[in-house]
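Student: Chains as they are written, first to last, in the UniProt record's numbering: chain A, 1 to 326; chain B, 1 to 235; chain C, 1 to 281.
It cannot be assumed that every hint is accurate.
Claimed, not checked - Taking lysine to aspartate or glutamate pairs in the EDC-like style, the calculated list, with each CA pair at most 20 Å apart, reads:
| # | chain 1 | residue 1 | chain 2 | residue 2 |
| --- | --- | --- | --- | --- |
| 1 | B | K105 | C | D169 |
| 2 | B | K175 | B | E151 |
| 3 | A | K321 | A | E196 |
| 4 | B | K175 | B | D198 |
| 5 | B | K175 | B | E118 |
| 6 | B | K105 | B | E151 |
| 7 | A | K307 | A | D200 |
| 8 | A | K307 | C | D88 |
| 9 | B | K105 | C | D182 |
Derived from the structure by calculation, the hints contain no laboratory data. All values reported here derive from a predicted model rather than from experimental measurement.
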Amino acid sequence: MIGAKREGRTGLIATGLCWIILCGVGVLVDDWLLAQVAIYLCYGIFAMGLSLIWGQAGILSFGQAIFFGAGAYGFAVATLDMLPGTGTGILTGLVFAVGLATVLAWALAWLTFAGRGLSGAHFAIVTLCAAAVVEIAVTRSGFLGGYNGLFGVAPFTWGGEMIAERPMYYIMLGVAFAVFLGVTAIVRSPYGTVLEAIRDDENRVAHLGYETRRLKTVAFVIAGALSGLSGALFAAQFGFVSPSLLGFALSTQVLIWVAVGGRAVPLAAMVGALVVSGAENTLSNTLGDLWLLVIGVIFVVVVIAAKNGLFGTLFRLPPPKRLRKT
Amino acid sequence: MLEIRQLAAGYPGGGRVLDGLDLSVPEGAFVAVLGRNGMGKTTLMRAICGLLRASEGTIGLGGEDITGLASYARAQRGIGYVPQGREIFGDFTVAENLTIGRIAKPGLSPAVPRHLLELFPILAERSRQRAGSLSGGQQQQLAIARALAGEPRLLLLDEPAEGIQPSIVQEIAQKLREIVDTTGLTVLMAEQNLAMVDGWADSLAFVDHGAIAESGVAAAGIRQDQSRLSKYLSI
Amino acid sequence: MELFLDTLNYFSLLMLVVLGLVVIFGLMNVINMAHGEFLLVGAYTVVGITGAGYSFWLALALAPVAGAVVGLLVEALVVRRIYHRFLDTILATWGVSLILKQGVILVFGPTAQSVANPLPGVMNVFGVDYPRMRLLIMAVAILLTLVLYIAMFRSNLGLRLRAVIANRDMASALGLNTRRMDMASFGLGAALAGFAGAIISPVMSVDPQMGAGFLIPSFLSILIGGVNSLIGPLFGVAAISGSSNLIAGWLSQADTQIIVFLMAMVVIRFFPEGILKRRQK
Chain A
1 MIGAKREGRT
11 GLIATGLCWI
21 ILCGVGVLVD
31 DWLLAQVAIY
41 LCYGIFAMGL
51 SLIWGQAGIL
61 SFGQAIFFGA
71 GAYGFAVATL
81 DMLPGTGTGI
91 LTGLVFAVGL
101 ATVLAWALAW
111 LTFAGRGLSG
121 AHFAIVTLCA
131 AAVVEIAVTR
141 SGFLGGYNGL
151 FGVAPFTWGG
161 EMIAERPMYY
171 IMLGVAFAVF
181 LGVTAIVRSP
191 YGTVLEAIRD
201 DENRVAHLGY
211 ETRRLKTVAF
221 VIAGALSGLS
231 GALFAAQFGF
241 VSPSLLGFAL
251 STQVLIWVAV
261 GGRAVPLAAM
271 VGALVVSGAE
281 NTLSNTLGDL
291 WLLVIGVIFV
301 VVVIAAKNGL
311 FGTLFRLPPP
321 KRLRKT
Chain B
1 MLEIRQLAAG
11 YPGGGRVLDG
21 LDLSVPEGAF
31 VAVLGRNGMG
41 KTTLMRAICG
51 LLRASEGTIG
61 LGGEDITGLA
71 SYARAQRGIG
81 YVPQGREIFG
91 DFTVAENLTI
101 GRIAKPGLSP
111 AVPRHLLELF
121 PILAERSRQR
131 AGSLSGGQQQ
141 QLAIARALAG
151 EPRLLLLDEP
161 AEGIQPSIVQ
171 EIAQKLREIV
181 DTTGLTVLMA
191 EQNLAMVDGW
201 ADSLAFVDHG
211 AIAESGVAAA
221 GIRQDQSRLS
231 KYLSI
Chain C
1 MELFLDTLNY
11 FSLLMLVVLG
21 LVVIFGLMNV
31 INMAHGEFLL
41 VGAYTVVGIT
51 GAGYSFWLAL
61 ALAPVAGAVV
71 GLLVEALVVR
81 RIYHRFLDTI
91 LATWGVSLIL
101 KQGVILVFGP
111 TAQSVANPLP
121 GVMNVFGVDY
131 PRMRLLIMAV
141 AILLTLVLYI
151 AMFRSNLGLR
161 LRAVIANRDM
171 ASALGLNTRR
181 MDMASFGLGA
191 ALAGFAGAII
201 SPVMSVDPQM
211 GAGFLIPSFL
221 SILIGGVNSL
231 IGPLFGVAAI
241 SGSSNLIAGW
251 LSQADTQIIV
261 FLMAMVVIRF
271 FPEGILKRRQ
281 K
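Bound-form chain A, shown alone (with noise of 0.2 Å):
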């Protein structure tokens, strides 16, 4: 076991670099980089939340980018003054606009894991529907500006100043860190062993005596949770909001940063969604429309070849305490 202890400890090393070194980009990198790598920050985010269900429960779903886009527009829609008596305050739109995809999540599992609850391709169908119909949904919505989305989505500000780039970079780094450590909490938790449990064989734990719909629903619903934050974070930079927010383009997009990055390892699907986007935009230029092709073999190789993604094994953190052997 001395050779598994060590891995353990190159992952906790590796982890802490990936921190340092994302910390140090904030003062290395000029502010027009930087103010991108915020947004692949965001897209980080919600790569986490989909690492914890997938990756951690099994969950496929094709329909991630519901909750992403829901606060995304939730945020906009709030700061906009779009809606009666919540003013345009920052926080009154991001509590609205995490609580909407959070409502929308519940909703979801609701609907699938009751019963009987639905297989993981009826599952990864029905989600992927629900993406369908969702981008089509708010395409013909008037109201949220069709096709063509809302403008003018306010930035953060402090003091009445719109936050400039560096501070920015900062406060998405101290949000993403955040989340990386509650996401790790949970997959390290007694819970977190419960849904690997449920990945490999649901009925075996069902039989155990957990209660495996309600299990399954609370990572649902905290996964759709933080894809609402990082959306509303991404509609707060980025300016705007459009239906491809919501469709079935940006849940397969989430999961090819997952499943190149590393699955079952949060910081690697983070890692996986920045280093992924960050290709797409500088070779994006370069390969043009080779780029997608290039993904797509990469992706596809990942999924046959590599389980753990590209950097899985190198963030794996070692086993915690109790279930270390002695």
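Based on these hints, arrange chains B and C on the given structure of chain A.
Tutor: Chains B and C only, in chain A's frame:
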């Protein structure tokens, strides 16, 4: 006909069920494997017909090493399999079930031979009926006839008496004996029901904790062999 | 009457796509997300061949071949390696769909292409003037579906296929080469999709997204009908195509999609085994 040497096999995550199992079945013999539940009878049958890969050891059929062959290739080399729980195709007609048993064997025409239907008249009578609508005993006969339709050299049966009323058990056992005597078919049968064995099989092998504990025991009179019955079957 | 013909038109096309999906799912338990892109392969085969100056009918004959070749490649390179990892097959085949779509864009560009209608004009059926090409599509699709179903239930090849779908292990223990049948059915499914894509190319705008439009309706049809039956999808396709065309009579296409998808989701929620699932024997 069948030579098994040092066979080990098991299920992923479930550990080894068979470990160091040796068994040989001569051509034309009717051998029954007895043992308690969980001792490895079904695992042995599945390993022989190739639905489960051996992790160690070899399986030989008529002098050829078949250990590395896929299940279908073993069937094409002459292994017929009657699984536990029968596993007939319930949505297909009786006739289709018999055709399926024949269709994939090289050198056989798809038409089911008459002598097989004469051996199981009830199947001939119900040939156009849905197989799922047959009674348990009839389904068992269908499962056996389906395996025989492929004209195997070695017939494997996994607890054919399970869930079948005693009079039918006698009938099935008698038919098996008849086939062995007339055609020279080799039979290996896993069983717990002594009525299916005593007076019908030639010899017995006892399986205990994944290995053969004793083989070559005469089948006749096993019901009176109190020491073996309590040792291997807890009766 | 026109409504009926439109419904039949959509029904028969969807059926061609769904048949391949059902066989692949039933046989290998693989949800093939790239199936819509096999349609694309067929349609762009027509674009390429007619663009080079050859006739549409030649292209129509070659499209299923192109579909089958792509399908067999996908089976050998991707699906075969992971078919025991159920969720991963969904992801991997979705990745394949991305690759195929992007490949088409690289070769033919992202904009819509048009294929000249080889059978212009209308024909009067049941008192309605209906485009001749659409009538041909319908006739061919229905004929093909019929032939496939008859083969499935009346031929020995169909019997083998049904046996593997019903009980893979047992079929293998009876001597059926399941690996070869996987390949064959994947190739056949892709060929059917390729053919469907080719034959509709003159009446649709051929663009890289056209496969995606068939993806959700065909999966919903299968889930509504029940995944483990060959007859079920027939009902599923009828339900989806029928309700789509009925509602489209009053509402816009987008609203129709919303309503049909929502209804299908509700049905799947309450009949996860499909509407036709027999209560356990």
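Student: Next, verify each hint and record whether it holds.
Tutor: Cross-check of the supplied hints:
1. Between K105 (chain B) and D169 (chain C) the alpha-carbon distance is near 16 Å, which keeps this suggested pair within the 20 Å criterion.
2. With a C-alpha separation of about 16 Å, the suggested pairing of K175 (chain B) with E151 (chain B) holds against the 20 Å cut-off.
3. This hinted pair checks out: K321 (chain A) and E196 (chain A) have alpha carbons roughly 17 Å apart, not beyond 20 Å.
4. Between K175 (chain B) and D198 (chain B), the direct Cα distance comes to roughly 14 Å. Compliance with the 20 Å bound is thereby established for this hinted pair.
5. A distance of roughly 11 Å separates the Cα atoms of K175 (chain B) and E118 (chain B); the hinted pair therefore holds under the 20 Å criterion.
6. Note on K105 (chain B) and E151 (chain B): the hinted pairing holds, with a Cα-Cα distance of about 9 Å set against a maximum of 20 Å.
7. Between K307 (chain A) and D200 (chain A) the alpha-carbon distance is near 14 Å, which keeps this suggested pair within the 20 Å criterion.
8. This hinted pair checks out: K307 (chain A) and D88 (chain C) have alpha carbons roughly 9 Å apart, not beyond 20 Å.
9. Distance restraint check for K105 (chain B) and D182 (chain C): the Cα-Cα separation of roughly 19 Å lies within the 20 Å cut-off, and the hinted pair is therefore satisfied.
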